[in-house]
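Undergrad: Here's the letter readout for the chains.
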Amino acid sequence: MVIKTRELGNIVIFDIQGEIRRADTIQETLHSLVEAQLDRGRRNLLLDLGGVEFIDSFGVGQILASYISTQHLGGKLKLCRISDKLLLIFKITMLDKVLDIHEDCDRALESFGRA
Amino acid sequence: MADGRLERILKRLGDVRGHEARAALALSALFFLITATFYIVKPVKESFLIGARPGWWPFADLATALLIGLVVAVNARLLDRLPRRTYLTASLLFFISGLLVFWFIFDVHQKSLYSTPVADSSGVFFLLWARMMIWDHFPVFVIAFCFWADIFIAMSVTQFWIAVNDAFDPHEAKRLVGLFVTGGLFGGIAGAAAAALMTVARLIPPEDLLLVCPFLLALAIAAVNAVYAEKRRTDAVAGDERLAVPAKVGAWESFRAVRNDRYLRRLAAMVASAIIAGSLINYQFKWVVMSLFTSGQARTSFIALFFLVILAVSAAFHLLTTGRVLKSYGIRWAMAVAPAFLLAVSATVFVIPLGLLLAWAWVARGGDKMFDNTLGQSVRELLYIPVSASVKYRAKVFIDVLVNKIATGTAAVLWLVLNAWRVFEYRLDPLSVVRETGLVVLAFLALWLVLTRSVYREYPAVLKKDLGRIWQEGRTVIDAHLDEKLVREVFDAVQSRERSTTLYYMNLFNLVRSKNLTPELQELLGIKRNELKARAMDALFDVGAAGGLYPGLEETITDAEFQKEIDLIYLLPAYQKIMDESLGRIIDSPSEVERIEAANSICRMAPSPPTMDALARLLQDASVEVVLYALNGASVHRRPEHVPIILRHLANPMTIVEAQTALAAYGPEIVGRLAPLLRSADEPLEVRRAVPEVLARIGSQKAADILVAELARRREDMEQALIDALYKIRAERARVRFRERDLRPELRFLIRKACDAVLGPPGPPDEARAALIIRLRRVFDLLTLLYPREDIINDYQHILQGTPKSVDYALEHLDNLLDREDKELLFPLIEDLPDGERVLRLKRALRLK
Numbered sequence: 001m002v003i004k005t006r007e008l009g010n011i012v013i014f015d016i017q018g019e020i021r022r023a024d025t026i027q028e029t030l031h032s033l034v035e036a037q038l039d040r041g042r043r044n045l046l047l048d049l050g051g052v053e054f055i056d057s058f059g060v061g062q063i064l065a066s067y068i069s070t071q072h073l074g075g076k077l078k079l080c081r082i083s084d085k086l087l088l089i090f091k092i093t094m095l096d097k098v099l100d101i102h103e104d105c106d107r108a109l110e111s112f113g114r115a
Numbered sequence: 116m117a118d119g120r121l122e123r124i125l126k127r128l129g130d131v132r133g134h135e136a137r138a139a140l141a142l143s144a145l146f147f148l149i150t151a152t153f154y155i156v157k158p159v160k161e162s163f164l165i166g167a168r169p170g171w172w173p174f175a176d177l178a179t180a181l182l183i184g185l186v187v188a189v190n191a192r193l194l195d196r197l198p199r200r201t202y203l204t205a206s207l208l209f210f211i212s213g214l215l216v217f218w219f220i221f222d223v224h225q226k227s228l229y230s231t232p233v234a235d236s237s238g239v240f241f242l243l244w245a246r247m248m249i250w251d252h253f254p255v256f257v258i259a260f261c262f263w264a265d266i267f268i269a270m271s272v273t274q275f276w277i278a279v280n281d282a283f284d285p286h287e288a289k290r291l292v293g294l295f296v297t298g299g300l301f302g303g304i305a306g307a308a309a310a311a312l313m314t315v316a317r318l319i320p321p322e323d324l325l326l327v328c329p330f331l332l333a334l335a336i337a338a339v340n341a342v343y344a345e346k347r348r349t350d351a352v353a354g355d356e357r358l359a360v361p362a363k364v365g366a367w368e369s370f371r372a373v374r375n376d377r378y379l380r381r382l383a384a385m386v387a388s389a390i391i392a393g394s395l396i397n398y399q400f401k402w403v404v405m406s407l408f409t410s411g412q413a414r415t416s417f418i419a420l421f422f423l424v425i426l427a428v429s430a431a432f433h434l435l436t437t438g439r440v441l442k443s444y445g446i447r448w449a450m451a452v453a454p455a456f457l458l459a460v461s462a463t464v465f466v467i468p469l470g471l472l473l474a475w476a477w478v479a480r481g482g483d484k485m486f487d488n489t490l491g492q493s494v495r496e497l498l499y500i501p502v503s504a505s506v507k508y509r510a511k512v513f514i515d516v517l518v519n520k521i522a523t524g525t526a527a528v529l530w531l532v533l534n535a536w537r538v539f540e541y542r543l544d545p546l547s548v549v550r551e552t553g554l555v556v557l558a559f560l561a562l563w564l565v566l567t568r569s570v571y572r573e574y575p576a577v578l579k580k581d582l583g584r585i586w587q588e589g590r591t592v593i594d595a596h597l598d599e600k601l602v603r604e605v606f607d608a609v610q611s612r613e614r615s616t617t618l619y620y621m622n623l624f625n626l627v628r629s630k631n632l633t634p635e636l637q638e639l640l641g642i643k644r645n646e647l648k649a650r651a652m653d654a655l656f657d658v659g660a661a662g663g664l665y666p667g668l669e670e671t672i673t674d675a676e677f678q679k680e681i682d683l684i685y686l687l688p689a690y691q692k693i694m695d696e697s698l699g700r701i702i703d704s705p706s707e708v709e710r711i712e713a714a715n716s717i718c719r720m721a722p723s724p725p726t727m728d729a730l731a732r733l734l735q736d737a738s739v740e741v742v743l744y745a746l747n748g749a750s751v752h753r754r755p756e757h758v759p760i761i762l763r764h765l766a767n768p769m770t771i772v773e774a775q776t777a778l779a780a781y782g783p784e785i786v787g788r789l790a791p792l793l794r795s796a797d798e799p800l801e802v803r804r805a806v807p808e809v810l811a812r813i814g815s816q817k818a819a820d821i822l823v824a825e826l827a828r829r830r831e832d833m834e835q836a837l838i839d840a841l842y843k844i845r846a847e848r849a850r851v852r853f854r855e856r857d858l859r860p861e862l863r864f865l866i867r868k869a870c871d872a873v874l875g876p877p878g879p880p881d882e883a884r885a886a887l888i889i890r891l892r893r894v895f896d897l898l899t900l901l902y903p904r905e906d907i908i909n910d911y912q913h914i915l916q917g918t919p920k921s922v923d924y925a926l927e928h929l930d931n932l933l934d935r936e937d938k939e940l941l942f943p944l945i946e947d948l949p950d951g952e953r954v955l956r957l958k959r960a961l962r963l964k
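Quick note, the sequences are listed as chains A and B, same order. Position 2 (the first sequence) corresponds to 2 in the working numbering; numbering is contiguous. Plus 115 on top of the position in the second sequence (first one is 1) and you've got the working numbering.
What the hints contain is simulated information worked out from the structure, not anything from laboratory work. By construction, the Cβ of each residue, glycine as well, lies at the ideal position given by its N, Cα and C atoms. Accuracy of the hints is not assured; some may be wrong.
[Said to hold, decoys possible] Derived list of chain A stretches under chain B, where covered just means 3 residues or more per stretch with a C-beta under 8 Å from a C-beta of chain B:
hint, region
1, 53–64
2, 69–77
3, 95–104
[Unchecked claim] Some chain B residues well away from chain A (every beta-carbon gap over 12 Å; in silico):
hint, residue
4, Thr201
5, Asp487
6, Leu533
7, Ile585
8, Thr633
9, Ile760
10, Lys817
11, Pro880
12, Ile889
The shape of chain A in the complex, shown without the other chains:
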């Protein structure tokens, strides 16, 4: 998994490539990266999952933990460009009821301004 962060106005975008899953080697997790941005005072976070092929239970846990941490500080965490495969599982497991998921990232970025 490769995660790059960039900022657009007051929004931090996480461009994620690969699989958000458990690895045999210890590496920086998505949640720790999100927490680092929250510590910097950033409150609008967007996970761009366009390059994500698969998420396992660890990945789900990381996204949910990031969501909880962001909400706790009054911030917003949104997801965009999630693949059809993942979106189906997210829908069936009702993760879409909790997470703010957008088809494309521009709309997600716009929605930060609306809220």
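Assemble the complex: chain A is given as a structure, and chain B must be docked to it using the hints.
TA: Only chain B this time, still in chain A's reference frame:
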């Protein structure tokens, strides 16, 4: 004068900030002029009234009580129809003309005392007729003047506070109330001093004092116009349209607003009892003055002097005490001071000798006036803060004018009844009259005191009524919408199809046995398959031929008989014997899948020593996937010998969640083993940081006590984890109790650290603000352990993201909730202050140079 300089000057008298300075000064000047006028009018009124028979006294108050409804109705109509600025100007012009009319009446009466009315050569018959009228019906004019004076003070003070509400929002008004009261007090002193000097020095007769007042009210008109001109200017800058939409304040709307609101009903009752007690004390005072002063000039001088002294004492008391009492003890005790003091003073009337009666009357009436001018005035305005703006205007008009005057009328009726009851002449001596009245006064003072408690009990509830949640806690949203454990198991099951069909069916079997799967989930997992969907799913997850090895087995798995058969197999002694012998070989397999399958099966096996030994080895496997399944097995069997191995997995971010879940499954018996880890220098920081979450999931009282004790060690690196865990226990375990004596020092320590974030070496403003917000979040998380959790969370959310008004309410709510010392440090951190001001206040609170 430049705003900055003006602000600096006003700051000495109150908490004035930048843009507020001009409007605040104009409003203070307005209140100064109104009260100066009133304290010139008041000695004239009292002197003329005391000069009449005591039997007449109550009629002035009764006239006010009976006619005030009419005045309120007319006033409401004007308030609705006229722009606020025009309405206030017109009101002041009306009072100016009233003053001139009454001056004429009193002047004519005084001249009639030593000259005979004749028709002069110019034939001014009207004046002759007027002189005759005034001479014949002078007491009626005195009562009319008293009524007019009552209307003047009631309406002008209410109109003043309406102007304050127009010009400032509640939180600004709360900060500035001290400045306005100071303006009013100095106005009173100036008015009373002018009246006393002029009458004591016999410069002018009492009635001529009334000619001074129109000049003061003309200046008040200028002040009103300055307030609204300044407001228009600042609103234009801020785009605020508040003035454009005045609230309807008709008499009926006012009555309904109070009737429909329990808090306002109690507030009205409290005000009424205070007014009745105060009015009766006033009658006692008048009786004493009447008994000791017979000359009108001497009476006027004495009363003017009395008000001068009381106002001077009030001003000193206000400047030295009001702010401190409110800040240090809050509104609750500030409300109780006046009735408690008056209760004590009124009780002494039954033991004092006649010679001390005047001194007693001074203290009783003076005390009532002093508290009314200072703490009472401030508290009354603060009590309206939580009331919504639309209701506030109506309630204020109803309570401050109508209830006030009806209560005065009630006191008048009581005085009349007491007078009528005094049938024996010996009972008319001053001491008897004052003591008899004192019994009734005591009853109303006691009622007032009781009602202060009742109002205060409602006050926080009214404050927090509009402080709903701005956003839901992430955990709450997740718990409300999904079963997180199930979601994780579903993802694992789906993923396991890639590895091994057997593993997939094992996971499926576990899922079906433990969970009530929704039809959608069953479809996703191939159960009760809809062919189209199933094919789509197979394609989506790219399972290739794996799904085809045991076609239709998903259906079989849901079959109860099949599940029973599997359970029976696991219980077979022969199965256990074979597995005991074979597990060692299986877990040595180079195949990761085989080891995962073994770890998965162990969950359902009996805990024989070889099985548990195999589980211990699987827990130490090199593959994270194997460990993950083994941790699940460990959480089922909960063997003490596995604990040290599980603990090691707390250091790995890939296994931390499952390791925490496994340890939490051990329940309260593991708490004692976890406690030493928190402070062990040998354990990696990641392990120590992961332990509080385990204790939080166990959630026992002992777990909470351990976390609090660890927090008291004040280790920066553990702080966030400990506070998160305590917050979680508070949210999920209502029975767990937290001792204030343990938490209070830690709360203060955290607040001081938040102060350090502001006072520390200057860095980039964004980073400093981010650090402060993180620190404040910890403070508020800890506050939930000491105070109602929901209220604290709501207050925090509104302070962070609320509207200016809801921030005010949240701050006011916290002001009434928190400990004084905590507030002193916390408020400069959470109030909207300029950075320099924030630093200054923090340094003052921390007693730093």
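Undergrad: Against each hint, give a clear statement of whether it holds in the structure.
TA: Here is how each hint holds up against the structure:
1. Beta-carbon proximity to chain B at under 8 Å applies to 9 residues in the region 53–64 of chain A; the threshold of 3 is reached and the given coverage holds.
2. Given a C-beta distance limit of less than 8 Å, the hint that chain B covers the region 69–77 of chain A holds, as 6 residues qualify and 3 suffice.
3. Requiring three or more residues with a Cβ within less than 8 Å of a Cβ of chain B, the coverage given for the region 95–104 of chain A holds, as 3 such residues are present.
4. The non-interface label for Thr201 (chain B) is consistent with chain A: the shortest C-beta to C-beta separation is roughly 41 Å, beyond 12 Å.
5. Residue-level check passed: Asp487 (chain B) sits 43 Å from the nearest beta carbon of chain A, beyond 12 Å.
6. At the 12 Å boundary, the C-beta of Leu533 (chain B) stays outside the reach of chain A, the nearest C-beta of that chain being 61 Å off.
7. The claim that Ile585 (chain B) is not at the interface with chain A is violated, since a C-beta of that chain comes within 12 Å of its own (minimum 7 Å).
8. A beta-carbon of chain A is positioned within 12 Å of the beta-carbon of Thr633 (chain B); the least distance is around 8 Å.
9. The beta carbon of Ile760 (chain B) sits about 17 Å from the closest Cβ of chain A, which is more than 12 Å, so the claim that it is off the interface holds.
10. Taking the minimum C-beta to C-beta distance to chain A, about 26 Å, the non-interface status of Lys817 (chain B) holds against the 12 Å cut.
11. Pro880 (chain B), annotated as away from the interface, has a beta carbon of chain A within 12 Å; the closest lies near 10 Å.
12. At roughly 6 Å, the least C-beta separation between Ile889 (chain B) and chain A is not larger than 12 Å, which violates its mark as non-interface.
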